[in-house]
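Enquirer: The lines below spell out each chain.
6 protein chains.
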Amino acid sequence: MNILVVNPNSTVAMTRKIVAAAQKAAGTGVTITGATASGTPASIEGHYDEAMSVPGLLACVENAEAQGVDGIVVACFDDPGIGACREIATGPVLGLCEAAVKAASMLATSFTVVTTLPRSVPVIERLVHGYGLSHQCRRVRSAQIPVLALEDPGSNARDKVRAEILRAVEEDRCEAVVLGCAGMADLAQWLSAETGVPVIDGVGVATRMVEALVACGLKTSKINGYSRPNTK
Amino acid sequence: MNILVVNPNSTVAMTRKIVAAAQKAAGTGVTITGATASGTPASIEGHYDEAMSVPGLLACVENAEAQGVDGIVVACFDDPGIGACREIATGPVLGLCEAAVKAASMLATSFTVVTTLPRSVPVIERLVHGYGLSHQCRRVRSAQIPVLALEDPGSNARDKVRAEILRAVEEDRCEAVVLGCAGMADLAQWLSAETGVPVIDGVGVATRMVEALVACGLKTSKINGYSRPNTK
Amino acid sequence: MNILVVNPNSTVAMTRKIVAAAQKAAGTGVTITGATASGTPASIEGHYDEAMSVPGLLACVENAEAQGVDGIVVACFDDPGIGACREIATGPVLGLCEAAVKAASMLATSFTVVTTLPRSVPVIERLVHGYGLSHQCRRVRSAQIPVLALEDPGSNARDKVRAEILRAVEEDRCEAVVLGCAGMADLAQWLSAETGVPVIDGVGVATRMVEALVACGLKTSKINGYSRPNTK
Amino acid sequence: MNILVVNPNSTVAMTRKIVAAAQKAAGTGVTITGATASGTPASIEGHYDEAMSVPGLLACVENAEAQGVDGIVVACFDDPGIGACREIATGPVLGLCEAAVKAASMLATSFTVVTTLPRSVPVIERLVHGYGLSHQCRRVRSAQIPVLALEDPGSNARDKVRAEILRAVEEDRCEAVVLGCAGMADLAQWLSAETGVPVIDGVGVATRMVEALVACGLKTSKINGYSRPNTK
Amino acid sequence: MNILVVNPNSTVAMTRKIVAAAQKAAGTGVTITGATASGTPASIEGHYDEAMSVPGLLACVENAEAQGVDGIVVACFDDPGIGACREIATGPVLGLCEAAVKAASMLATSFTVVTTLPRSVPVIERLVHGYGLSHQCRRVRSAQIPVLALEDPGSNARDKVRAEILRAVEEDRCEAVVLGCAGMADLAQWLSAETGVPVIDGVGVATRMVEALVACGLKTSKINGYSRPNTK
Amino acid sequence: MNILVVNPNSTVAMTRKIVAAAQKAAGTGVTITGATASGTPASIEGHYDEAMSVPGLLACVENAEAQGVDGIVVACFDDPGIGACREIATGPVLGLCEAAVKAASMLATSFTVVTTLPRSVPVIERLVHGYGLSHQCRRVRSAQIPVLALEDPGSNARDKVRAEILRAVEEDRCEAVVLGCAGMADLAQWLSAETGVPVIDGVGVATRMVEALVACGLKTSKINGYSRPNTK
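Protein chains in written order, with the numbering used here: chain F, 1 to 232; chain W, 1 to 232; chain H, 1 to 232; chain X, 1 to 232; chain E, 1 to 232; chain A, 1 to 232.
If you're looking for bench data, these hints aren't it; they were derived computationally from the structure. What you are looking at is a predicted structure, and each value in this text was computed from that prediction instead of being measured. Do not rely on the hints blindly, as some may be mistaken.
If chains are identical, the list can't say which one is meant, so a pair holds when it fits in one copy or spans any two.
Each computed DSS-like pair below joins lysine-lysine, with the alpha-carbon atoms no more than 30 angstroms apart [as the list claims (entries may be wrong)]:
hint : residue 1 : residue 2
1    : Lys219    : Lys160
2    : Lys219    : Lys24
3    : Lys160    : Lys24
4    : Lys222    : Lys160
5    : Lys232    : Lys160
Take the sequences, apply the hints, and build the full model.
Expert: Structure, rendered in structure tokens:
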């Protein structure tokens with residue numbers, strides 16, 4: 001089984017981290033192919049960055065489809081271009097937010113999302129509302145760090161995320177925490193150990209859930225909503 | 001007051017019709033500038049077309065911002081890239097769906113949306129859900145016509161839209177009808193006369209509502225969600 | 001175009017302030033006619049005052065309809081008698097709450113409403129829920145001031161409203177603030193300057209939105225919900 | 001225990017029927033006092049009638065409060081002025097819609113409301129939405145009869161209601177039916193026998209529920225929302 | 001009229017308290033029969049206890065049905081097995097949570113639930129969501145006491161509940177408080193006097209509401225959802 | 001990895017079919033252990049059957065936990081006792097409905113559930129509402145067949161399910177169909193081929209999703225809601 005894991009931003013170091021997390025999660029016999037969208041912003045911080053990342057993302061998906069990929073992970077927590085990807089994909093397509101919050105809803109009665117910047121909070125709130133899980137989401141919080149600080153070993157980004165998780169447990173009475181940025185993919189295990197709360201990383205969960213859907217023979221429906229783009 | 005009305009698809013004939021509708025609706029002292037996004041699909045039929053229209057749309061917005069525009073109408077009923085436009089805009093930004101369904105909710109206790117193709121139905125349902133108006137929206141229907149058939153005088157597109165409105169009134173018990181495509185902008189008056197139900201075109205309403213917000217001195221909030229894109 | 005702006009309470013000083021705000025917002029060629037409902041409470045603080053204001057309000061609307069008014073603003077944030085007004089009106093009818101929260105939802109991803117007394121908070125929460133915007137409304141707050149304190153230059157009402165807005169920005173993480181009382185119509189600009197957050201006054205927005213609907217040729221639907229009252 | 005049952009419209013024949021239904025439902029030791037609001041419409045068909053009935057209704061409530069009533073039923077399915085009544089009442093206050101749909105939600109997983117005229121359908125839909133029971137309400141239907149036809153023995157109103165209930169069971173797959181007009185109070189038992197589906201009349205249920213709340217020592221909360229009207 | 005009040009847990013002392021509260025609330029001519037489910041947990045603290053209490057609860061209901069009971073109260077705030085009870089019951093069946101929160105929603109615009117342990121909070125939140133009253137429920141709080149501490153006169157459980165109610169009034173701005181455990185049935189009056197806020201006990205309300213439904217001739221619908229269990 | 005797949009009803013033939021479906025879906029290195037709850041109804045048709053199946057189901061889970069199982073599938077579409085199972089389980093626990101509708105929501109913009117008997121329709125509607133997916137669920141339909149007819153090769157159950165799916169596609173405009181009974185686990189592929197719409201079986205999806213969560217190192221949160229049952 002071949003799964004494409006696309007990083008919609010153009011930071012290759014982040015792709016490497018993401019692909020490592022996907023490979024760690026993937027089952028036997030699954031080949032993970034990483035891709036970095038080109039011509040896209042270095043990080044996705046808000047609606048504009050998200051929109052500018054989509055054509056590059058779609059090019060990666062089209063390329064992979066031409067080579068016969070079985071399923072696709074869009075490795076960004078803002079779930080950019082998911083509907084568009086689903087139209088051109090044959091197999092299942094998942095973004096990190098959808099995968100992670102649906103997983104969280106299976107493991108705990110409530111969860112909090114911890115993301116990077118305050119500007120991403122309403123983006124994620126709207127996604128969670130659309131996925132129908134507002135009643136299980138205690139709050140979307142930001143650790144007040146730029147996305148790329150997570151790539152900088154000298155920054156205190158990890159500590160800020162840990163501190164925000166501890167605040168979430170204390171103030172939100174949440175039972176699980178979802179990491180709200182693909183760049184946190186390598187931190188889940190450490191953060192869970194440090195805080196004592198289940199911490200969910202979207203990269204691993206999305207990869208393995210796409211694998212699950214493919215293994216069950218399921219594909220993206222081609223009736224109406226996600227049917228292939230019309231030729232004009 | 002200067003209002004930009006952008007057609008996110010690349011069909012210039014459609015832009016002409018849209019600009020005419022905007023100009024007809026605009027108040028005294030308002031200058032409407034039309035723009036056609038370039039490098040975008042000829043029509044927006046589904047998520048993929050929508051995503052591919054956004055960079056071209058944003059270029060038009062950036063260009064208008066540089067020239068000091070006061071408000072912006074994104075003249076497509078799928079409300080593409082609205083969040084992204086709001087990040088780079090100073091004044092208010094409205095898409096057709098948001099403007100039209102909010103207007104409909106002020107004029108009737110319920111409404112039905114009539115759009116072009118079945119594939120656009122779930123796109124619009126999701127928008128209406130996000131705008132919080134599902135409880136007033138009886139149904140989103142399609143007249144089973146491609147968008148560009150509305151540009152073809154020889155097609156029976158107009159009749160199909162009229163027939164679908166009559167079905168909506170009969171079957172949905174709706175009190176108003178929202179036209180779910182920018183290409184129907186010139187039909188609202190005729191359809192209303194033919195069917196006896198208030199018919200709402202998004203182009204006029206969006207234009208005049210942006211004008212209303214500008215006239216009240218209101219601008220897009222620059223706190224968090226729609227703050228200007230970060231430089232990396 | 002003639003727009004009636006009715007103050008449903010009987011305090012003429014408040015009508016004057018409201019009409020001034022409406023006139024400031026209205027476009028070229030729009031005549032604003034102010035009216036004060038008679039035999040109604042001096043201020044509308046809660047459900048009882050609201051109910052007692054409606055027959056006087058409806059009399060003003062009937063009178064204006066007889067003279068051929070094009071649209072109507074009910075200048076109270078509790079949106080009293082809107083459905084009843086819509087039944088007897090030909091043109092569009094808007095209350096301040098509906099206009100202001102729908103405007104806020106177009107300018108920011110979230111907003112907080114700041115009203116006068118704690119007793120008005122649940123009234124407004126119920127309205128916002130009915131308009132489908134609970135998911136964008138962070139909180140409805142009160143500045144703990146009686147409505148008529150806003151008419152008393154010697155009171156510290158203005159300062160209390162400003163302080164409450166600052167608390168809203170800090171505690172609610174809202175991106176815009178809606179003023180939850182018609183008596184605050186003259187404060188929006190000052191409060192916005194003082195607090196750095198977009199502050200939305202319902203009087204101006206409702207006036208200009210009614211104008212927008214009228215300009216687009218839209219009227220209140222006469223099918224079912226808002227059809228003219230039955231003769232018995 | 002003294003319970004006031006107010007008919008907000010001015011048709012005394014209807015009050016008689018309502019009081020009979022209330023008395024039939026009331027427990028031992030409960031005195032039902034009927035009242036007909038004066039100066040109000042002969043029937044309540046839509047928002048305007050509803051609004052015009054409220055001052056007369058409130059006068060009845062004030063009068064009863066002065067005499068020490070324990071609880072109040074507002075005997076109209078549009079639940080007019082309930083919030084206002086609660087502000088001036090000491091004991092519990094219930095309208096027919098709230099009582100009946102909450103009762104229905106306890107007896108069946110879903111229900112349909114059958115009311116008189118199409119114009120009342122959206123009024124009731126909005127109430128049900130406000131009471132949080134949209135997910136259990138299959139549909140609000142009208143039997144296409146004016147309210148006062150129910151008072152005319154020569155009309156076929158009863159048969160039309162029966163026919164509509166049968167359609168509801170067939171088409172809506174509902175498990176119970178709520179009668180959506182106080183004027184149907186005498187029909188519940190007959191309709192239930194004729195149709196084989198539980199049929200709920202709001203007058204009986206509201207009366208006995210108010211009695212239940214009073215018996216438990218519960219009164220309308222006087223904190224904020226329903227606190228007594230402010231003196232100006 | 002005969003009403004069964006079943007305590008689904010096996011603590012007889014709690015049954016005694018519950019039956020006393022039910023008898024105090026019941027009207028003239030109503031016989032309350034208490035029952036303690038056997039083979040069930042000593043207290044219901046969470047999903048597992050709840051599930052393990054249901055077969056014993058259903059046995060009590062079957063036994064009472066055989067003897068011709070008119071209505072049933074399931075005296076636990078987690079509303080265990082309500083759907084199952086409704087299938088085998090002829091008359092109405094109510095759990096404490098459904099009865100109490102629906103009563104609260106009639107007496108105040110908002111309420112807070114105060115329960116025993118933190119683990120019960122999400123159970124109750126899910127119930128309130130299912131009953132459609134999330135928008136009136138400010139918060140579900142726990143007083144951090146085990147259920148059986150309420151049976152221990154030497155514990156400080158009562159004081160902890162009182163303190164939590166005071167925090168609810170202060171922090172949640174609620175207008176009423178619902179006691180979230182059957183074991184608090186004897187505290188409502190004292191707590192209301194101590195805190196000045198209406199305090200609602202589910203036992204009394206559920207008993208008297210079942211009585212109300214029975215008195216109105218209403219039974220559990222036997223169409224689909226609550227029809228009698230199929231024989232295999 | 002060891003996954004327990006429990007059939008909560010006592011029909012061993014059904015367990016065999018379920019285990020086969022689970023094994024077909026499971027990844028390399030996953031051992032599926034089937035279990036049939038004992039002392040439970042032969043099929044789960046409604047709330048009563050569901051409740052009576054839970055203690056037997058919990059016994060199977062406890063037994064498996066003692067032997068160190070990694071994750072658990074509760075193989076019934078009514079999701080019986082899921083919260084209770086999660087309290088006593090260490091790893092993830094999924095019911096068929098939750099798994100299948102969340103999967104469907106990832107593959108199509110809307111879906112319809114086709115179950116066996118009309119009495120199960122409201123049970124599933126309530127589950128879907130609780131999972132937050134009502135807005136994507138077009139309808140829950142029944143094929144009007146008893147559960148055990150699916151075990152009878154001589155019945156026309158399969159044909160009735162196929163016919164109901166075709167009606168769903170036609171009338172509901174759904175883009176995918178979820179099979180609403182564990183006994184349909186062997187039909188998904190055939191039904192999908194016959195109807196041309198993606199058909200989702202919960203057994204396979206739940207198994208592979210539990211596997212996904214386990215593979216990501218995720219366990220059921222032990223904070224509050226799903227913490228281990230208290231010892232009394």
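Enquirer: Look at each hint and say if it fits the structure.
Expert: Here's how the hints hold up against the structure:
| no. | hint | in the structure |
| --- | --- | --- |
| 1 | Lys219 / Lys160 | between (39 angstroms within a copy, 25 angstroms between copies) |
| 2 | Lys219 / Lys24 | both (24 angstroms within a copy, 17 angstroms between copies) |
| 3 | Lys160 / Lys24 | within (25 angstroms within a copy, 44 angstroms between copies) |
| 4 | Lys222 / Lys160 | between (43 angstroms within a copy, 24 angstroms between copies) |
| 5 | Lys232 / Lys160 | between (50 angstroms within a copy, 20 angstroms between copies) |
In terms of the numbered hints stated before, the structure departs from none.
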